[in-house]
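Kindly produce the complete structure, drawing on both the sequences and the hints.
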Amino acid sequence: MLTVENLTVRFPTRFGDTTAIENININVQAGEIHGLVGESGAGKSTVGAAVIGLLQTPGYISEGNIMLGDTDLRALDVNQAHALRGKRISMIFQDPQTSLNPLMTVEEQLVETILAHEKMSADEARTRAIDLLEEIGIKNAAERIKSWPHQFSGGMRQRVVIALALCTNPELIIADEPTTALDVAVQSQVLDLIRSLADKRKIGFILITHDIGVIAQIADRVTVMRNGHVVESGETAQVLGRPKHAYTRALMSAVPPMDHKIDRFSVPATEGIEGASVFTGDLAEQWLLEEKDLPEDEQKELSIGLSIEALDVRFSGTRKSLWRKPEDFIALDKISFNVKPGSIMGLVGESGSGKSTVAKTITGLITPNSGTMMLGNEILPAGKSRSRKHASRRIIQMVFQDPYSSLNSRHKIGSILTEPLWFYGLEKDPEKRQELAASMLALVGMAPDAIDKYPHQFSGGQRQRIAVARALLARPRFLICDEPTSALDVSIQAEILNLLKDLQSKFGLTILFISHNLSVVRQMADDMVVLRNGVIEEAGKTEDLFERPQAEYTKKLLSLTPVMPKDWAC
Amino acid sequence: MFYFIYKRLIQSVFVMLAVAFLAFSLFRFVGDPITQMTGVETSVVDQERLREELGLNDPFISQFGRFTVDMLQGDFGYSFRTRQPVAEMIASRIPATLELGVVALLISLVVGIPAGVYTALRPRGVITQTILMTTLIGISIPTFVIGIMLIFLFGVQLGWLPTFGRGETVNIGFWESSFFSIDGWRALILPAVTLGVYQLTLTMRLVRAQMMDVMRSDYIRFATARGVPMRQLYFRHALANTMVPVITIIGLQFGGVIAFSIVTESVFQWPGMGLLFLESIRFVDIPVMGVYLVVIAFFFVVVNLLVDLLYVAIDPRLRV
Amino acid sequence: MKEFIKRSEGLWLFTRSPAVMVAAVIAILIFIGAAFAPWIASVNPYDLGSFSLMDGLLPPIWQEGGISQFMLGTDDQGRDMISSILYGARLSLLIGLSAMAIATVLGVGLGLAAGFYGGRFDAIIMRIADIQLALPAILTALLIDGIARGILPPEVQQDLRVVVLTLAIALSLWVNFARTARASTFVEMNKEYVQAAIIMGQGPIRIMFIHILPNILGPLLVIMTVDLASAILLEATLSFLGIGLAADSPSLGTLIRIGMQFMLSGEWWILWIPTLFLVALVVSINTLGDFMRDVFNPGLR
Numbered sequence: 128m129l130t131v132e133n134l135t136v137r138f139p140t141r142f143g144d145t146t147a148i149e150n151i152n153i154n155v156q157a158g159e160i161h162g163l164v165g166e167s168g169a170g171k172s173t174v175g176a177a178v179i180g181l182l183q184t185p186g187y188i189s190e191g192n193i194m195l196g197d198t199d200l201r202a203l204d205v206n207q208a209h210a211l212r213g214k215r216i217s218m219i220f221q222d223p224q225t226s227l228n229p230l231m232t233v234e235e236q237l238v239e240t241i242l243a244h245e246k247m248s249a250d251e252a253r254t255r256a257i258d259l260l261e262e263i264g265i266k267n268a269a270e271r272i273k274s275w276p277h278q279f280s281g282g283m284r285q286r287v288v289i290a291l292a293l294c295t296n297p298e299l300i301i302a303d304e305p306t307t308a309l310d311v312a313v314q315s316q317v318l319d320l321i322r323s324l325a326d327k328r329k330i331g332f333i334l335i336t337h338d339i340g341v342i343a344q345i346a347d348r349v350t351v352m353r354n355g356h357v358v359e360s361g362e363t364a365q366v367l368g369r370p371k372h373a374y375t376r377a378l379m380s381a382v383p384p385m386d387h388k389i390d391r392f393s394v395p396a397t398e399g400i401e402g403a404s405v406f407t408g409d410l411a412e413q414w415l416l417e418e419k420d421l422p423e424d425e426q427k428e429l430s431i432g433l434s435i436e437a438l439d440v441r442f443s444g445t446r447k448s449l450w451r452k453p454e455d456f457i458a459l460d461k462i463s464f465n466v467k468p469g470s471i472m473g474l475v476g477e478s479g480s481g482k483s484t485v486a487k488t489i490t491g492l493i494t495p496n497s498g499t500m501m502l503g504n505e506i507l508p509a510g511k512s513r514s515r516k517h518a519s520r521r522i523i524q525m526v527f528q529d530p531y532s533s534l535n536s537r538h539k540i541g542s543i544l545t546e547p548l549w550f551y552g553l554e555k556d557p558e559k560r561q562e563l564a565a566s567m568l569a570l571v572g573m574a575p576d577a578i579d580k581y582p583h584q585f586s587g588g589q590r591q592r593i594a595v596a597r598a599l600l601a602r603p604r605f606l607i608c609d610e611p612t613s614a615l616d617v618s619i620q621a622e623i624l625n626l627l628k629d630l631q632s633k634f635g636l637t638i639l640f641i642s643h644n645l646s647v648v649r650q651m652a653d654d655m656v657v658l659r660n661g662v663i664e665e666a667g668k669t670e671d672l673f674e675r676p677q678a679e680y681t682k683k684l685l686s687l688t689p690v691m692p693k694d695w696a697c
Numbered sequence: 098m099f100y101f102i103y104k105r106l107i108q109s110v111f112v113m114l115a116v117a118f119l120a121f122s123l124f125r126f127v128g129d130p131i132t133q134m135t136g137v138e139t140s141v142v143d144q145e146r147l148r149e150e151l152g153l154n155d156p157f158i159s160q161f162g163r164f165t166v167d168m169l170q171g172d173f174g175y176s177f178r179t180r181q182p183v184a185e186m187i188a189s190r191i192p193a194t195l196e197l198g199v200v201a202l203l204i205s206l207v208v209g210i211p212a213g214v215y216t217a218l219r220p221r222g223v224i225t226q227t228i229l230m231t232t233l234i235g236i237s238i239p240t241f242v243i244g245i246m247l248i249f250l251f252g253v254q255l256g257w258l259p260t261f262g263r264g265e266t267v268n269i270g271f272w273e274s275s276f277f278s279i280d281g282w283r284a285l286i287l288p289a290v291t292l293g294v295y296q297l298t299l300t301m302r303l304v305r306a307q308m309m310d311v312m313r314s315d316y317i318r319f320a321t322a323r324g325v326p327m328r329q330l331y332f333r334h335a336l337a338n339t340m341v342p343v344i345t346i347i348g349l350q351f352g353g354v355i356a357f358s359i360v361t362e363s364v365f366q367w368p369g370m371g372l373l374f375l376e377s378i379r380f381v382d383i384p385v386m387g388v389y390l391v392v393i394a395f396f397f398v399v400v401n402l403l404v405d406l407l408y409v410a411i412d413p414r415l416r417v
Numbered sequence: 248m249k250e251f252i253k254r255s256e257g258l259w260l261f262t263r264s265p266a267v268m269v270a271a272v273i274a275i276l277i278f279i280g281a282a283f284a285p286w287i288a289s290v291n292p293y294d295l296g297s298f299s300l301m302d303g304l305l306p307p308i309w310q311e312g313g314i315s316q317f318m319l320g321t322d323d324q325g326r327d328m329i330s331s332i333l334y335g336a337r338l339s340l341l342i343g344l345s346a347m348a349i350a351t352v353l354g355v356g357l358g359l360a361a362g363f364y365g366g367r368f369d370a371i372i373m374r375i376a377d378i379q380l381a382l383p384a385i386l387t388a389l390l391i392d393g394i395a396r397g398i399l400p401p402e403v404q405q406d407l408r409v410v411v412l413t414l415a416i417a418l419s420l421w422v423n424f425a426r427t428a429r430a431s432t433f434v435e436m437n438k439e440y441v442q443a444a445i446i447m448g449q450g451p452i453r454i455m456f457i458h459i460l461p462n463i464l465g466p467l468l469v470i471m472t473v474d475l476a477s478a479i480l481l482e483a484t485l486s487f488l489g490i491g492l493a494a495d496s497p498s499l500g501t502l503i504r505i506g507m508q509f510m511l512s513g514e515w516w517i518l519w520i521p522t523l524f525l526v527a528l529v530v531s532i533n534t535l536g537d538f539m540r541d542v543f544n545p546g547l548r
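Protein chains in written order, with our numbering: chain G, 128 to 697; chain R, 98 to 417; chain C, 248 to 548.
By construction, these hints were calculated from the structure, which means they are not laboratory data. Each statement offered as a hint is correct.
Think about it this way: if two alpha-carbon atoms lie no more than 20 angstroms apart in a straight line, the pair counts; the simulated PhoX-like pairs of lysine-lysine are:
id : chain 1 : residue 1 : chain 2 : residue 2
1  : G       : K452      : R       : K104
2  : C       : K438      : G       : K539
3  : G       : K559      : G       : K539
4  : G       : K516      : G       : K555
5  : G       : K327      : G       : K214
6  : G       : K633      : G       : K467
Being a predicted model, the structure only gives us computed values, none of them experimental.
Below you can see the structure in the form of C-alpha cells.
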C-alpha cells in the first residue's frame, strides 16, 4: 500500500547540505504494523515526517518516490497534500499532554476533523465521534466527549489522540513514539489498541520507536535504521531473532533482558572512545583507594549503609477554592528500607510513585514531615537542618537522569571536575587537582584532554561518564543514581551500566539505583524495592522478586513490560 | 475559578493601597505641606494651628488611614497651586485622556493583531520584512517625534487637520466628549495616531512572537497532520491560543497608553490628565501628582481585573 | 576566517544580514563620535566664547548659503550643529548607559535572588514589580524627577540634574531585568547542575553568580540592548518635556525641543537633523537587540 523508494532527505545548513536519511526503502501493507527502530540520530522520525509531508523547514526530499496506493505523494501540490493528510494518512505524536488543543473540547476537535474530510452534517459527525471513542475504550463517551483535554488522564488522552488520527478512516497511520511518554500499564493498553486497529480495520501503521521491546511485542515487520541508513529489514521474528547485520546483533545484545541476569553487556562499537586505552586511571584509582586522609572510622571500609525509617513526605496542594483547605499530596507514606553497605539497591516505580522524592529527601533537597534516616551509624539530618558543611554532603553523591542538564554548560569540564576536590578540601594543590581530574576521566573511559572542553562538545553518554567522574571525585561512599540511563540510547545505556558495575566492584560503593526500567534493575541491583504512589508494594532480593513476585502490583508490572521471546535474545 | 478571581482582587487592593501610600508619602514628606499651603506672611503660630487642625501632628498610621478613607469618599484634598479641589480638577480632565487612550488602543489592536498574525504566518515574505522593518523604526522613534512629524505633515504642510486642542466637544452630563462632532474627531486623529503607533508596534511584535510559538506547538502539528483546513488551523486553533498571553499584555499596555498620553498631550496641547500632571510637576503641586498616580493605578487595576475575567472566559483550564 | 565565522552561529548570521551590519556600523560610529566629542567637534557648545551669534542660522552646506566650516549649519546662537549633536549624543549615551548599568545590577541582583530563594522574598520583590508595572516607565521617571525637585534645595538641583535623571530612568527600567532574571533563574533552578551544587552544600552567592548567572546571560543581553534604547528614548522624552536637561547643556532631546521653535520658520535643520540622528541611533541599537533576540531564540526566525 505504501511504497517508499530510495528516499533521501537533506537539510541545508551553514556547512552546506547535510543528509538526514539516504536511500530508504520501505513497504507497508494494509493491516501491517511496520516497526521503524533505531537510536537517536538514526533518522526514523524524518522518514515519518517525509511520508506525511511535514518535514521541518528547511528540510527537503532530494530523491526518491513515495507512493500511497496509486498516488504519488511527491507529485501533489500544497493543497492536495494537505487534503490528503487526515483523509488517507494520519499521525500520532509522542506526548498526549501537548498534542491536543487545550482551548477546544474533544468534541470540537473530532467534529472539525471529520467535517474537514467528509460530507456529512455536524450531527452525523458527532455520532461517529462518539461511536469511535466508545470503540477505542472511553466509557460514557457521549458525556466525556464534551470535556476539555485537561480533564483526561495521560492514557485516556493518548486514546483521544488515536481517535483523532482515526476519525477519518485513514489507510496509514504514522505513530511516532506513541507510548514513550506513558507508564508501562498504559503503554500496553495503547499497544493492544494499535494491534487491534491494524487487525480489524486493516490500517497500516508505521510505528517509530527506540524501544526494541515494543517492536518485538506488536510489529509484523521491522526496519532497523542507523545514521540515516537502513541497516536491516524484514519479518520481525527473522530480523530480531536471527539478525544478519552486526549492528542489529549488537543492538539486541545491549538490551537488558528481564528474564535472567547477565554479568556484562556486550556493547556495539558506536562511540569510539579514542585514546582511552593510552591513558590510565591509575592515579585516580589509587587516590580513591588510599586511606591516609580519612578519619579513623572511615578507614575500615569504603562503603557505608543507609537505613530509612518511616519516612513521610507531604506537599501542600495548590489552593483551588476559597472555602476548602487544599489537601496535602502524600508523596511518600511512611516508607522504610535498608541499603546494606557495599550493595546496590534498586528502587523501582512508575512516574509519580515517589522514587525521585526518595533521592531528593536523602540528599536534603526536600524536608520530610517525619521519619529518620541513618547513614552508617549516624543520624542524617533532614532537609534544611543539614548544615552546608555536613560530612554527608561529600559521602553521598548523585548521578542525575539528564546528562544535558546536570553539567553546567558554561563551565569547562576541568572546572566541573575539580570543583568537588577544592570544595570539600580534598586536594589543596591546583595542579594535582587537574591531574586527578584527568586521570578520573581516563578511569571512566574518556580521553583526559576533555578537560579543556565544554559539555556541549560531548554526546549524552560521554556526559554521563563525566557526571560519574564528578561524583567519584568527591570520594563518595554512597552513590545515588536517579534514572542514570533513561535519557540515553540502549547501546550507551549498556556502556554506562557496565561502567557503574565495574566501579562498584572495584571500590565497593553502596549504590541506590532508581529506575522505572525493570530489566535494568534486574541487571544492576542486589536488593530492590517496588514503590507505588508513595507506598512500598514489595521489597526483597532482586532475584526472588523477579522469580517469585508476591504483590499483585509487581506481578502486573512484570507481565505488562514488553519482552522479547526468549530464544531471540543473544 | 472564584479563587483565582479572589486572589487577583486581593492583589489589586494591595497595589491600590501601595500606590495610595506612595501618594500619601509624597504629600507628607516632599516639602512641607504647610509652607506650601500658606503664604510667606502667615505667622508661625497660625502655621502651627493649621498643622494641628489638619491633623499633621497625629501618628503617621492614623494620618494615612484618614487619607485613605477620605480618598474612598472622593475627597482628594486641594491643589497647592490653584487652591481648587483636586478631585474636580482631575475629573474634568479624565474624559479627554480616556477618549484619547481608548481610540489609540483600538488603533493599536485593529492594526497590530492582524499585522502580527500575518507576519507570523508568512515569516519570509517581502511584505513581512517590510512590516518588521517599519515597526522596528516605529519603536525607535520617540512618541514626541512622531507627533512633531504628524503635525508638520498634516498640520503645517498640508493643513488638513488641527494640531492642538480637542476641537468642538459635546457635554453629556459631566462627560465632555469629542466623539459627537466632526470637528472633535478631526482634532482627535493626530494625537490618537501618535499615541497608537508605539502601542501598535508592541502589539504586533507580541502577537507575532506568540503566534510563531504556537505554530510550532505539538497540537498545531497534530492538527496539520489530520488535515484540518488551513483557515481553521490559523484562526480557530492558533489565534485563540495566541490570544491567551496577548490579552494579559494588552491589559498591561493600557497603563502604558495612559502614561504615554502625557507626552502626546504635551505635544498636541490636549487638555487631559497628562497635561495637568506635567504642570503639577513643574510647580511641585504634590496633591495633584499624588492623586494622578492613584487614578492611573486605579485604571490599571480595573482593566487588569477585566482582563482576568476575559482570561477565564477563554481558557477552560481556569474554569475548574 | 570563513571557517571561523561558520563555527559561531551568531557571527555567521551576522555576516548574512546586511541591515544588522549597517546598524552595527552606525552604532559604533555614533559611540566613537560621542566618546571623543571634545576632540572631534570644532566648537564646544557649552562654552559661550567658542561660537558667535554672527554665524547664527546658517543652513547646511548643500543648501544655498551654507559654508564648509559648518557642514550641517548652525543654530540661532551660531553653534555648529555637528558639535552640538556630538556633545548631545555624548550626554544622551552617558545617561542611557549609566541608567542601563544601574538597572542591570539592581534588577539582575534582585531577580536572581527572587528566583533562587523563592517563597516570601520572591513574593515581595514581585509585588513591588507589580506596583511599578501599574506606573509605567515614563511615569515613574517623571515622578522621581518631581520628588527630586521637591526635596533637593534649588541651588544643587541644576548640578544634580544628570544624576537625578539617570536614577529616575534606572529606577523605571529595573523591573524588566528583575522579571527576566527571575523567570530564567526559575528555569535554571530546576536543572540538575544547580541541584547538584545545592546538594554539595555550596553557598547561595556562589550558586547564583558562578553557576546560574552565566547561563542566563543570553536573554539579559537582549534586555540590556533593548533597554539602552529605551533609556535613550526616555531621556530624550523627558528633556523634550522640559523636565530633563536644561538648554545650556543640551542632550539630543533638548536639541529637538529647541528645534521645535524653528519648525514653522525655514530653518528645518535645527529640528530635523538632531531628530534624524536620535532616530538613527535608536534604530541601530534596536536592530542589534532584535538580532540578538533572534540568535538566542532560533524559533523566531
